[in-house]
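Enquirer: Go by the hints and put chain B onto chain A.
Protein chains in written order, with my numbering: chain A, 149 to 259; chain B, 6 to 121.
Take the hints with a grain of salt, since some may be wrong.
[Claimed, not checked] Short derived list, chain B residues pointing at chain A, Cβ under 8 angstroms: (1) L48; (2) L50; (3) G63.
It should be emphasised that the hints constitute simulated quantities derived from the structure, not laboratory data.
Glycine included, every Cβ here is placed at the ideal spot set by N, Cα and C.
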Amino acid sequence: AQSVSQHNHHVILSEAASLELGCNYSYGGTVNLFWYVQYPGQHLQLLLKYFSGDPLVKGIKGFEAEFIKSKFSFNLRKPSVQWSDTAEYFCAVRVVDDMRFGAGTRLTVKP
Amino acid sequence: NAGVTQTPKFRVLKTGQSMTLLCAQDMNHEYMYWYRQDPGMGLRLIHYSVGEGTTAKGEVPDGYNVSRLKKQNFLLGLESAAPSQTSVYFCASSSLPGAPAEYEQFFGPGTRLTVL
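Next up, chain B with everything else stripped away, as it sits in the complex:
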């Protein structure tokens, strides 16, 4: 099992450009999450999904959109990138309540995004 994978690993954008980050998991998890990690601020939840076709806002959703068209994939989109979105983005997934390792989040390796 690959676990949680993220594409791409690095990206440099110019202000105003758009891009999509892809997260894929092969653990048949229902829940998926997108976080950003900034120095001194820990991880902040951007959006999450509790199942295919569902999405919900987290703590810092502005400037981002997400889609969960397939259970195994969770896409994070930036429509018009800003320098404030320079960060490391982590995707995570977790299983349903009652399942083994319930609520334990399995993280991907991260995507380092720089917006100039």
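So here's chain A without its partners, still in its complex pose:
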């Protein structure tokens, strides 16, 4: 069965710092890749997704992610974080109809 690994459990940054959150998955076939965000007290929302084509995908709120097939990775980036980006971030992989989520990375942005 496929698995999803998020290496950073808790990341603390100051405003304007750059962000990169790692995500690796174990499945070798065709996958659909997602990043979701969960703001405090809210439910999950989609940040961005990758199905095919350009491996650099852009999402909402200035986030982007790069799919590197050879590394089975889908890392999330943002050049300059804001206090409002404080949230938990989840990487997810879809294989056929099955969805697997990573354990999540909590991001705290200090003003």
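Expert: Using the frame of chain A, we list chain B on its own:
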């Protein structure tokens, strides 16, 4: 549109009691999912459905049952609750391949369940 709604929002059960969580969506989505979210473990898929009358097991199906009698509803049942089932439960739905926002999952607000 209400999107995805879940009933109830909170529930406390005693070990051995049963209950049903209701998920409803008004987006005419074919796919529906039940997840549990536990600290440090992210979301884990319990069961899912790819259409009315169908269900399938996810990553952690034991101790749960589901039914999808109507397209808009997806029920999660606990027949005999255990403390290990204390968690936050999220329902989600998504559209078919080829549709706008295909495979994007829309989540409900969650149900916080405590089993004593």
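Enquirer: For each hint, tell me whether it holds in the structure or not.
Expert: Now for the hints, and whether the structure bears them out:
The criterion of a C-beta within 8 angstroms of any C-beta in chain A is met by L48 (chain B), whose closest approach is roughly 4 angstroms, and the hint holds. Annotation: L50 (chain B) was flagged as interfacial toward chain A, and the flag holds, the nearest CB pair being 6 angstroms apart, inside 8 angstroms. Contact between G63 (chain B) and chain A, as hinted, is supported at the beta carbon level, the nearest pair being about 7 angstroms apart and thus within 8 angstroms.
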